[in-house]
Amino acid sequence: MKKILQWRWTPWVALALAALFPFIAGAIEANYLVRVGGVIGLFMLLGLGLNFTLGYAGLFDLGFIAFYAIGAYTTAIAMRAGVPAPFALVLAVLVTTAFRALLGLTILRLRGDYLAVVTMGFGEIARLTINNLDSLTNGPKGLQLAPWRPLSFLSSDPNVQYYLLILAAVAGGVIASNRLEDSRVGRAWIAIREDEIAARLSGIPVRHYKLLAFTLSAAFAGLAGGLFAQWEQFVTPESFVFWESILVVSIVVLGGMGSIAGVLVGALVLVGFPPLMQWKLSADWINYRYLFFGLILVLVTLFRPQGILPSSRREAELTS
Amino acid sequence: MTMKPPAMLELDGVHAVYGKKIRALKGVSLKVFAGEVVALIGNNGAGKTTIMKTVAGLLQPEKGAVKFQGRDLPGMPPDQIMRMGLSLVPEGRRIFPRLSVMENLEMGAYSRREKDLTREYDHVFHLFPVLGKRRSQFGGTLSGGEQQMLAMGRALMAAPKLLMLDEPSMGLAPVVVDKIFEIIELINKEGVTVFLVEQNAKRALRASSRAYVLETGEIVAASDSATLMKDPAVQKAYLGLH
Chain A
558 MKKILQWRWT PWVALALAAL FPFIAGAIEA NYLVRVGGVI GLFMLLGLGL NFTLGYAGLF
618 DLGFIAFYAI GAYTTAIAMR AGVPAPFALV LAVLVTTAFR ALLGLTILRL RGDYLAVVTM
678 GFGEIARLTI NNLDSLTNGP KGLQLAPWRP LSFLSSDPNV QYYLLILAAV AGGVIASNRL
738 EDSRVGRAWI AIREDEIAAR LSGIPVRHYK LLAFTLSAAF AGLAGGLFAQ WEQFVTPESF
798 VFWESILVVS IVVLGGMGSI AGVLVGALVL VGFPPLMQWK LSADWINYRY LFFGLILVLV
858 TLFRPQGILP SSRREAELTS
Chain B
1421 MTMKPPAMLE LDGVHAVYGK KIRALKGVSL KVFAGEVVAL IGNNGAGKTT IMKTVAGLLQ
1481 PEKGAVKFQG RDLPGMPPDQ IMRMGLSLVP EGRRIFPRLS VMENLEMGAY SRREKDLTRE
1541 YDHVFHLFPV LGKRRSQFGG TLSGGEQQML AMGRALMAAP KLLMLDEPSM GLAPVVVDKI
1601 FEIIELINKE GVTVFLVEQN AKRALRASSR AYVLETGEIV AASDSATLMK DPAVQKAYLG
1661 LH
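For the protein sequence lines, the chains are A and B, in the order given.
Anchor point for the first sequence: position 34 equals 591 in this note's numbering, and the numbering is continuous, going up by one each time.
Anchor point for the second sequence: position 36 equals 1456 in this note's numbering, and the numbering is continuous, going up by one each time.
Please note: incorrect hints may appear among the correct ones.
Pairwise CB distance ranges (calculated) [as the list claims (entries may be wrong)]: (1) Phe791/A <-> Gln1480/B: 52 to 60 Å; (2) Ser869/A <-> Gln1480/B: 37 to 45 Å; (3) Phe1453/B <-> Gly669/A: 36 to 44 Å; (4) Gly639/A <-> Arg1491/B: 49 to 57 Å; (5) Trp566/A <-> Pro1594/B: 27 to 35 Å; (6) Arg1533/B <-> Arg668/A: 25 to 33 Å; (7) Leu690/A <-> Ile1442/B: 43 to 51 Å; (8) Glu1610/B <-> Gly729/A: 46 to 54 Å; (9) Arg668/A <-> Ala1485/B: 56 to 64 Å.
Simulated from the structure, these hints should not be mistaken for laboratory data.
Here the structure is a predicted model, which means the values were calculated and not measured.
Note that CB positions come from ideal geometry on N, CA and C, so glycine has one too.
Working from the sequences, and respecting the hints, build out all of it.
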């Protein structure tokens, strides 16, 4: 299994299959699955983003969904102000990253549990602010967006359009992550995670690199949030609850911290499985998804503590 | 009497406190001149590592001056101190276990601006041929002695003027310790000043030209190493002779 997944062309085959999927699904009248696929893609982006903070820099973040929210609301507000959709996405990435950098500058002195608690607090503060800042966000009533139909030459179905757009974003995110992981910067992150004191003594400016990983995470979340807002044409604070932050952390941990392929598989399993069950079995199934979640977490912790598809370094870390 | 040039490293009345209560250093003063090998010996808990960490920028002294080539170090982050030419090989080696030998060395050169580090790699592999044979192996798979060599190689990648070593012999077999000290001598001959901390006083005194004895945060003796080796008090306390 593992050998096959390591073959060089596997990512390209996976990408090709994923790109063909909405057309196959259309043929077998399973359009619902295209929607699910798009949501999985958004969570893949979130997972790839959080992977910088959690997987590379080893910092726990329990409020990551706040940046998804900031991306979504920035896009919504910008588009309502007349900014063209593609520029709204760029703006979402910039604003989200700026917020993240500011948060990082103030809290990155903290470690471990303390950092987790503060980020969790930030997540809640962000949601409550959005919920109450009526003048800008229209509070719990949410914001409506004018439709934007990208890639209309490929399909007339907006779900297919957004599915493909998100897929392209995920592909770009994977390439960017891969390049960074394999760079001097990526190795410095690993060094910091392995031994922070030794990293400082090697001359690595540890604080800068932690801030960089922390901030880069938000670019992915901002993009995902923007795409989400444009696709749904509607944003409310309800979409950005604490549970969603936990889901993203679970995707990264379950897939294998610091492993790009792991994050993708983690999102596929955790986000994809419940609606798949719901579709195949019954609508009631959705009520059991937390049970299913707990079961997967327990099983993976028991049998694959390094994650479903760990990076080779992580695997060495946990087996030696 | 000829005037001595100014010291490369100078500590003057350095106090350090752990937490609020534990006084680790109580007014330590010492000097290291360019080209020397200076040893700092003392028992466990005497404050040797605290001195090293304070110089390298990992700890801030409570009061007192730490100067390297005339510049005040306290307040500078470790990477900036390294760029000035001061590297520390930490106690317990602390190599990166899940980075390869090459990558460990690459990390050591982080403070350098040059892109081409071929000469530095060649130099390290010349000093430690065994590392050259294990380039792509993970650091964690090396033996203790090889890890010590990797830690020293990593520090040398920054091309330091002053190399500080904290307990380079810790946990190593006597033959390996011989090898490590041979290389320290070699590094010194190449023009790098060496300041080393050791519990293994005999080795440290043999390898150094001058030495300081540290007891519970205070320097209690300072002299050239040959004299200290004959000092009855030092013999009794540190060399296991009566």
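Against the structure, the hints:
no., hint, result
1, Phe791/A <-> Gln1480/B: 52 to 60 Å, "53 Å, holds"
2, Ser869/A <-> Gln1480/B: 37 to 45 Å, "39 Å, holds"
3, Phe1453/B <-> Gly669/A: 36 to 44 Å, "43 Å, holds"
4, Gly639/A <-> Arg1491/B: 49 to 57 Å, "56 Å, holds"
5, Trp566/A <-> Pro1594/B: 27 to 35 Å, "53 Å, violated"
6, Arg1533/B <-> Arg668/A: 25 to 33 Å, "30 Å, holds"
7, Leu690/A <-> Ile1442/B: 43 to 51 Å, "49 Å, holds"
8, Glu1610/B <-> Gly729/A: 46 to 54 Å, "48 Å, holds"
9, Arg668/A <-> Ala1485/B: 56 to 64 Å, "31 Å, violated"
In summary, the structure is inconsistent with hints 5 and 9 from the numbered list given earlier, while agreeing with the others.
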